[in-house]
Structures are given as C-alpha cells and as structure tokens.
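A.B. asks: Single-letter residue listing:
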Amino acid sequence: MTRFRHLISIDDLSKDDILYILDKAEEFEEIARGKTKSRTLEGKLLANLFFEPSTRTRMSFEAAMKRLGGDVINMTAQEASSVAKGETLADTIRVVGKYADAIVLRHPLEGAARFAAEHSEVPVINAGDGAGQHPTQTLLDLYTIRKESSLDELKIALMGDLKYSRTVHSLIKALTLFDAEIYLVSPPSLALPEEFLEGIGGKITTAELDEILEEIDVLYVTRIQKERFPDEEEYRKVAGSYKVDAETLKRAKDSLIVMHPLPRVDEIDVSVDATKHAKYFQQAFYGVPVRMAILSEVML
Amino acid sequence: MSEQLAVSKIRDGTVIDHINAGKALLVLRILGIGSGSRERVLMAMNVPSRKMGKKDIVKVEGKFISEEELNRIALIAPGATINLIRDYEIYKKFNVSLPEVVEGILTCPNRNCITNSREPIVRRFHVSMAEDNVVARCHYCGRKITEVDKFVL
Chain P
1 MTRFRHLISI
11 DDLSKDDILY
21 ILDKAEEFEE
31 IARGKTKSRT
41 LEGKLLANLF
51 FEPSTRTRMS
61 FEAAMKRLGG
71 DVINMTAQEA
81 SSVAKGETLA
91 DTIRVVGKYA
101 DAIVLRHPLE
111 GAARFAAEHS
121 EVPVINAGDG
131 AGQHPTQTLL
141 DLYTIRKESS
151 LDELKIALMG
161 DLKYSRTVHS
171 LIKALTLFDA
181 EIYLVSPPSL
191 ALPEEFLEGI
201 GGKITTAELD
211 EILEEIDVLY
221 VTRIQKERFP
231 DEEEYRKVAG
241 SYKVDAETLK
251 RAKDSLIVMH
261 PLPRVDEIDV
271 SVDATKHAKY
281 FQQAFYGVPV
291 RMAILSEVML
Chain U
1001 MSEQLAVSKI
1011 RDGTVIDHIN
1021 AGKALLVLRI
1031 LGIGSGSRER
1041 VLMAMNVPSR
1051 KMGKKDIVKV
1061 EGKFISEEEL
1071 NRIALIAPGA
1081 TINLIRDYEI
1091 YKKFNVSLPE
1101 VVEGILTCPN
1111 RNCITNSREP
1121 IVRRFHVSMA
1131 EDNVVARCHY
1141 CGRKITEVDK
1151 FVL
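In order, the protein sequence lines correspond to chains P and U.
Residue numbers for the first sequence follow the numbering used here, so the first one is 1 and each next one is one higher.
Residue numbers for the second sequence follow the numbering used here, so the first one is 1001 and each next one is one higher.
Derived by calculation from the structure, the hints in this document are not laboratory data.
No residue lacks a Cβ here, since even glycine has one placed at the ideal position from N, Cα and C.
Be aware that one or more of the hints could be misleading.
[Said to hold, decoys possible] Below, computed lysine-lysine pairings styled on DSS-like, alpha-carbon distance capped at 30 Å:
#, chain 1, residue 1, chain 2, residue 2
1, P, Lys66, P, Lys155
2, U, Lys1092, U, Lys1009
3, P, Lys44, P, Lys15
4, P, Lys237, U, Lys1144
5, P, Lys15, U, Lys1144
6, U, Lys1144, P, Lys203
7, P, Lys243, P, Lys203
[Said to hold, decoys possible] Derived DEER-like restraints, expressed as beta-carbon distance ranges:
#, chain 1, residue 1, chain 2, residue 2, range
8, P, Thr76, U, Glu1100, 32 to 42 Å
9, P, Arg5, U, Ser1049, 47 to 57 Å
10, U, Arg1029, P, Asp23, 43 to 53 Å
11, U, Thr1146, P, Gly86, 51 to 61 Å
12, U, Pro1109, P, Asn74, 41 to 51 Å
13, P, Thr76, U, Arg1029, 39 to 49 Å
14, P, Val95, U, Met1045, 50 to 60 Å
15, P, Asp152, U, Gly1022, 52 to 62 Å
16, P, Thr206, U, Arg1029, 37 to 47 Å
17, U, Arg1111, P, Thr275, 33 to 43 Å
18, P, Glu208, U, Gly1034, 50 to 60 Å
19, P, Thr206, U, Ser1008, 56 to 66 Å
[To be verified] Partial list, derived from the structure: chain U residues whose beta carbon lies under 7 Å from chain P:
#, residue
20, Pro1109
21, Asn1112
22, Cys1113
23, Ile1114
24, Ser1117
25, Glu1119
26, Tyr1140
27, Cys1141
28, Lys1144
Working from the sequences, and respecting the hints, build out all of it.
C.D. replies: Below you can see the structure in the form of structure tokens.
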C-alpha cells in the first residue's frame, strides 16, 4: 500500500509522509552513488514530459530511474512546443499514460500537474508547474538539511527571489511542519507574497542577512529568475541586487550550510565553493536518492 | 412604496429574498438565467429592508431551482433565503448554505493558471468563510479570491 499515488504538491503530504520519503531516500543513497546495484524498477518505464527546459530535474529523474533498473522516455522541449500547437495537455497525458508506468511533468502553467493527474491512468509527479509547486525539490531540500545540518530547532534564511521562486514557496510550507525559524531576506520587490503566509503559522520574520548571519544554520539562496518576470525592465532593476561570497560568510557559524536549488548565476560567488559551507552540489546529488524513493513509492 | 407593488406574487416557482443590495443580476447569472432564457423573472433591487437596510429580491416563475443550484448563490449572498411557491403559497422555505466546492461559476484571476488555458477543464473552487467574507481557492493553482463577485463567469 503506497502512501500516495500522485505527487502534486507538498501540501498533500503530512510530516509523517515526508519523513517516510526521507528515510526511504537514505536507503537508496548507496545505489544512487553506484556503489550497490538495484533492479527494483526493472521493466518499468518513466515518461519525462518537460514543457519547459530543465536539465537538472530531468536528468536526476532519469538517473534515479536508471539506477533502479528502469528505463526512461523523454519528450524534449522542442517536441513539447509542437505538441502545444495542436494537442491539449489532457490528451498528451492520456496518450503518454499508455506508453509509460509513471509521468514526470514540468509545465509553465500553475495547476498543470493537478489537472494532468485527473486525466492520467498512471501516477503523475509534479516537477514544477509555473511559479506554483515543485514538491520533489522541496523533499530533496529537506533531505539535504537533515543530512548536512538538522531539521530540529532549525534556523534558516531564505534569500533572493521569494516572489517567483516556487522552490521557496513549497519549502516554507514544509519547514513550518518542522517548527523551523524562518528568516525572509529579499529586495522589497521580490518579497514573499502574503498569500503564501496565510494559514501556515510558524515563526517567520523578514530580515537583513547581516542581522541574522551569526544565528542561522542554513542559508538557502535562490536565483533571480529572469524568465518569471512579466517584463525585462523589472528584472534589470533587481538583477545582481544580492550576492554571497566567502567574505560574507566569515561571521557565520562554522556549521552553517549554504544551499541553492541551482542553476546559480551570480548570487553565490565561486569563492564560496571551496568553503565548508557550500552544500549546493551535494544538494544536487541528493536529488537522485530522493527521486528514487518517490519513483519506487508510486510505481511499485 | 410597498414590496408587493415592486415585485408581484408568483403562482409557482422560486423566490430568492434577502439578497445583498445590488447583487440580483449576479444571482441570475449564477443561476444561468440570461437574455436567452425562457423563465419569467421578476426582480427588485434596492428594496427597503428592516434587517438589511436595502436588499434585492428575485422571483422565478415556473421553475423550482434545486437546493444545490441555490447554494451557489451563497457565494455572493450568504444571507439569502429561498421560498418555493405552489399556488401562491410557500410550501418550502430554507436558507442558502455555502457549498464546499463550486464548479463552473468562478474564473481564476491568475492568468498563468491552467484553467485559463485552452484545456478542457471545469473551473473548480474550494469555498469557505473568513471573517464574514466568502473566500474561494482555485482547486488547480491555489490562488485565493476574496472579492468573489468580481470573478463570477
């Protein structure tokens, strides 16, 4: 009996469900590293439907599936654009569901994954829909925090584009389940929209990085996403308005970890890469065992 | 001027009373009654009311609107009362109650929501009360609407 059939939103998961996935991911780590082999999903086929380009999410799903002995079929962004000319998403999902045992969907419209799940015979995993949800990213973020820091009594700063960043929107909701103390650090024009704070409670404060740097356990930095801005002028006004470098982190706790959902542009200077704080490449790796846990949950 | 002069009695049908003043046209829209409809409709707007100050009234002759249909009215007129009339007499009376979910009535203000694309989709909203206001949340993108009457299709 699986805990969920589709994975659409982090809101659909309880704290227990989240911990269950994180524990399961732990079991898959050695397989994800290629140290141990697994044929758990042998004979199963995953369809990657990416209506927006995404190298990391797509490849980590592909890696996760292959590490478990399964196979993957891909629809590239170029093919997706030709699909978009004539076929509805509903029909694409119905058709692809006839080929594959599960579908990973990345789509530019919010709510696309929930809609797809309603038309799908096979499990749908949301790999990001517009500025909405990206639950697998949230799960790998939580996994990284648990592995590299701690989810207990966590003090975390979320910094950067808090307005359009779906990874932040999902992560905030999940962190409140763990009673984390959350600091929001952003230019005013990229502040977190009020609606994401409604009804989630928790300890959430707006702050400047300088004020809290010595206190926090995790600094989660996001890229300013040019593609999410309604017009380029608005983007130019805030581009490059925050940056973390090795110098910035000198006052931080030794145990502070810096995370980033990647790709980065210039918000984390390369001088941070060599410090003990940098965990963003490790974070990218953790995407594989977490996605293995999710795939085995919905496909077995 | 008495209410009887403003809106005459109907023989058989539905009377929707205690509609918030100015919302009668929206009530008709929610019920799918428009210029092409065949029902005989009587409507009064801004009628004096002891309870509400001003109110609207809608009477639909020859049609017994279902409770489910009427509950949709609670979206914009949570205090509305319903009388079903037979032979000029009230045979059933009830208050509207807010449904948990409404379909095909509201449009999502989020331009980037899948419901505003060309997909074959029924717009669905989860409805609740928050401090005496009706709040609707898009089932698909999660966007909240607080001024519900602005988004009636």
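A.B. asks: So, for every hint listed, does it hold in this structure?
C.D. replies: Verification of the supplied hints:
no., hint, verdict
1, P:Lys66 / P:Lys155, "violated, 36 Å"
2, U:Lys1092 / U:Lys1009, "holds, 16 Å"
3, P:Lys44 / P:Lys15, "holds, 29 Å"
4, P:Lys237 / U:Lys1144, "holds, 28 Å"
5, P:Lys15 / U:Lys1144, "holds, 24 Å"
6, U:Lys1144 / P:Lys203, "holds, 23 Å"
7, P:Lys243 / P:Lys203, "holds, 25 Å"
8, P:Thr76 / U:Glu1100: 32 to 42 Å, "holds, 41 Å"
9, P:Arg5 / U:Ser1049: 47 to 57 Å, "holds, 51 Å"
10, U:Arg1029 / P:Asp23: 43 to 53 Å, "holds, 52 Å"
11, U:Thr1146 / P:Gly86: 51 to 61 Å, "violated, 38 Å"
12, U:Pro1109 / P:Asn74: 41 to 51 Å, "violated, 34 Å"
13, P:Thr76 / U:Arg1029: 39 to 49 Å, "holds, 44 Å"
14, P:Val95 / U:Met1045: 50 to 60 Å, "holds, 51 Å"
15, P:Asp152 / U:Gly1022: 52 to 62 Å, "holds, 54 Å"
16, P:Thr206 / U:Arg1029: 37 to 47 Å, "holds, 41 Å"
17, U:Arg1111 / P:Thr275: 33 to 43 Å, "holds, 42 Å"
18, P:Glu208 / U:Gly1034: 50 to 60 Å, "holds, 55 Å"
19, P:Thr206 / U:Ser1008: 56 to 66 Å, "holds, 60 Å"
20, Pro1109, "violated, 12 Å"
21, Asn1112, "holds, 5 Å"
22, Cys1113, "holds, 5 Å"
23, Ile1114, "holds, 4 Å"
24, Ser1117, "holds, 6 Å"
25, Glu1119, "holds, 5 Å"
26, Tyr1140, "holds, 3 Å"
27, Cys1141, "holds, 4 Å"
28, Lys1144, "holds, 6 Å"
In summary, the numbered hints that this structure violates are 1, 11, 12 and 20.
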